[in-house]
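*Asks:* Sequence:
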Amino acid sequence: MVLLVLVLLVLLILILKRKQKTGKKTGGNPKKRNWLLIGCLSIVIPIVIFTMSSPILALMDMWGLFAHASRTEIEQAVYRSYQNYGLTGQFELEKYEKNYTSVGGFIIHGTYSENIAGKTYQVKTRFKYYTRFSENKTYRKTDAEVDYKNYKKIYDVFPELAYLGIEVSPGTSEFLKSLDSSIKDPKLPDLKYQGISFEFNNQSDNIYLYNEILEENQSKGQALQGMYPMDAQYLFQKEIFIPTFEFQYFVPKEKRDLLYDDYLKELEVLMKEFFANQPLPIGLYAVKIAKYKEDKLVSDSGVYYVRIDNRQVVKLLQKLE
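With UniProt numbering applied, the sequence shown has no gaps in its numbers, which climb one by one up to 321 at the end.
In short, the hints are calculated from the structure, not lab data.
Please read all numbers here as calculations on a predicted model, not as lab measurements.
Don't take each hint at face value.
[Claimed, not checked] The following label-pair restraints were derived from C-beta to C-beta distances:
1) Ile282 with Ser197: 41 to 49 Å
2) Leu259 with Asn115: 46 to 54 Å
3) Lys296 with Lys119: 19 to 27 Å
4) Glu174 with Leu209: 16 to 24 Å
5) Tyr79 with Glu294: 46 to 54 Å
[Claimed, not checked] As a list, the in silico DSS-like pairs of lysine-lysine whose alpha-carbon atoms are at most 27 Å apart:
6) Lys192 with Lys95
7) Lys238 with Lys296
8) Lys177 with Lys319
9) Lys272 with Lys255
10) Lys124 with Lys319
11) Lys152 with Lys137
12) Lys187 with Lys152
13) Lys319 with Lys152
14) Lys296 with Lys253
15) Lys319 with Lys288
16) Lys98 with Lys184
17) Lys184 with Lys128
18) Lys187 with Lys288
19) Lys220 with Lys253
20) Lys255 with Lys220
21) Lys124 with Lys149
22) Lys315 with Lys177
23) Lys220 with Lys152
24) Lys265 with Lys255
25) Lys177 with Lys272
26) Lys265 with Lys220
Where is the CB? At the ideal position from N, CA and C, for every residue including glycine.
Hey, can you work out the whole structure from these sequences and the hints?
*Replies:* In structure tokens form, the structure reads like this:
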């Protein structure tokens, strides 16, 4: 488009120059010709400028540089997001900041609180708010509102609330403590056991069983729109609740340059050694590895999975299958 406009501009100038030369021979009025040239240029130049600046403006819009929203508008959007899914707790907006990515808009940070069994629980939450007017389906909506229109489940849209619902359910804490107390630390020199947590596996093949409990809880008017209460031990058996053992791994000097595949083999050896003869129930567990070189943390995002049967690791998985 820019090239086409430039070609037209050059052709126009050449035509006017040609007429100017012809006019000199025929004795035409030079002032009239100059005004004609100025008039044409005053039309073409703005078109060229607009054409050349349009991609830049579009890119700036894509990055959210023109995004604008009031605090009230943001709070109302979050309120709609919770209302769509029947959540009745309170939301406190902490901050919202421009989202300089391909989606534009804002990132919203806040705290959701709800009374569960006579006690108020809080959880940090986060939304995206879209302000690109060129995107009709997402304009002035949160990502949760868009997900609702796409029929996504409540636990997929609010995984932090699904996690909270399991975490505060009767029996969850006791189940985790029983697993933690079962661990007999073999005192491996490079691997330090730190404790236990869990993750909610909404990709499990058995998630339909969670949905059945969810619907029953909703019919009874339970908290968190049915995501409370949940039986952690039952969900563990169905690989929806995954206990997570946390470790610090101090990589020996001679193994710091291992390729990733070799690192995984080394990790599998360590896991088999650590979990050998541990009195843990048969099932799927996660292991979270904080990787150190000497005393310096180099990575704390390594999460792997182990299947344990007959008091030993039978398989190390890089991701859930």
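*Asks:* Determine for every hint whether it applies to the structure shown.
*Replies:* Hints and how they fare:
In this structure the supplied range 41 to 49 Å is violated for Ile282 paired with Ser197, their Cβ-Cβ distance being about 20 Å. Between Leu259 and Asn115 the Cβ separation comes to about 52 Å, which falls inside the hinted range of 46 to 54 Å. In this structure the hint that Lys296 and Lys119 lie 19 to 27 Å apart at CB is violated, the actual value being about 40 Å. At about 21 Å, the beta-carbon gap between Glu174 and Leu209 stays in the expected band of 16 to 24 Å.
A hinted range of 46 to 54 Å holds for the C-beta pair Tyr79 and Glu294, which are about 49 Å apart. Distance hint between Lys192 and Lys95 is unfulfilled; the C-alpha atoms sit about 37 Å from each other, more than 27 Å. At most 27 Å may separate the alpha-carbon atoms for a hinted pair to count; Lys238 and Lys296 exceed this at roughly 38 Å. The suggested pairing of Lys177 with Lys319 holds, with an alpha-carbon distance near 25 Å, which does not exceed 27 Å.
For the hint linking Lys272 to Lys255, the alpha-carbon distance of about 18 Å falls within 27 Å, and the restraint holds. For the suggested pair Lys124 and Lys319, the alpha carbons sit about 26 Å apart, so the restraint of at most 27 Å is met. Between Lys152 and Lys137, the direct Cα distance comes to roughly 16 Å. Compliance with the 27 Å bound is thereby established for this hinted pair. At roughly 45 Å between alpha-carbon atoms, Lys187 and Lys152 are farther apart than 27 Å, so this suggested pair is violated.
Our distance criterion of 27 Å between C-alpha atoms is met by Lys319 and Lys152, whose separation comes to about 23 Å. For the hint linking Lys296 to Lys253, the alpha-carbon distance of about 13 Å falls within 27 Å, and the restraint holds. The straight-line distance between the Cα atoms of Lys319 and Lys288 is roughly 12 Å, inside the 27 Å bound, and the hint therefore holds. For the hint linking Lys98 to Lys184, the alpha-carbon distance of about 48 Å lies beyond 27 Å, and the restraint is violated.
For the given pair, Lys184 sits about 44 Å from Lys128 by alpha-carbon distance, which is inconsistent with the 27 Å threshold. Simply put, Lys187 and Lys288 have alpha-carbon atoms about 18 Å apart, close enough for the 27 Å limit, and the pair holds. Proximity of Lys220 to Lys253 is assessed by CA-CA distance (about 58 Å); at most 27 Å being required, the pair is judged violated. Distance restraint check for Lys255 and Lys220: the Cα-Cα separation of roughly 55 Å exceeds the 27 Å cut-off, and the hinted pair is therefore not satisfied.
With a C-alpha separation of about 24 Å, the suggested pair Lys124 and Lys149 falls inside the 27 Å cut-off, and the hint holds. With a C-alpha separation of about 24 Å, the suggested pair Lys315 and Lys177 falls inside the 27 Å cut-off, and the hint holds. Of the pairs offered as hints, the one joining Lys220 and Lys152 holds, with about 22 Å between alpha carbons and a cut-off of 27 Å not exceeded. Between Lys265 and Lys255 the alpha-carbon distance is near 12 Å, which keeps this suggested pair within the 27 Å criterion.
Restraint check: the Cα-Cα separation between Lys177 and Lys272 comes to about 22 Å, which is no more than 27 Å; the hinted pair holds. For the proposed pair Lys265 and Lys220, the alpha carbon gap of about 49 Å is over 27 Å, so the pair is violated.
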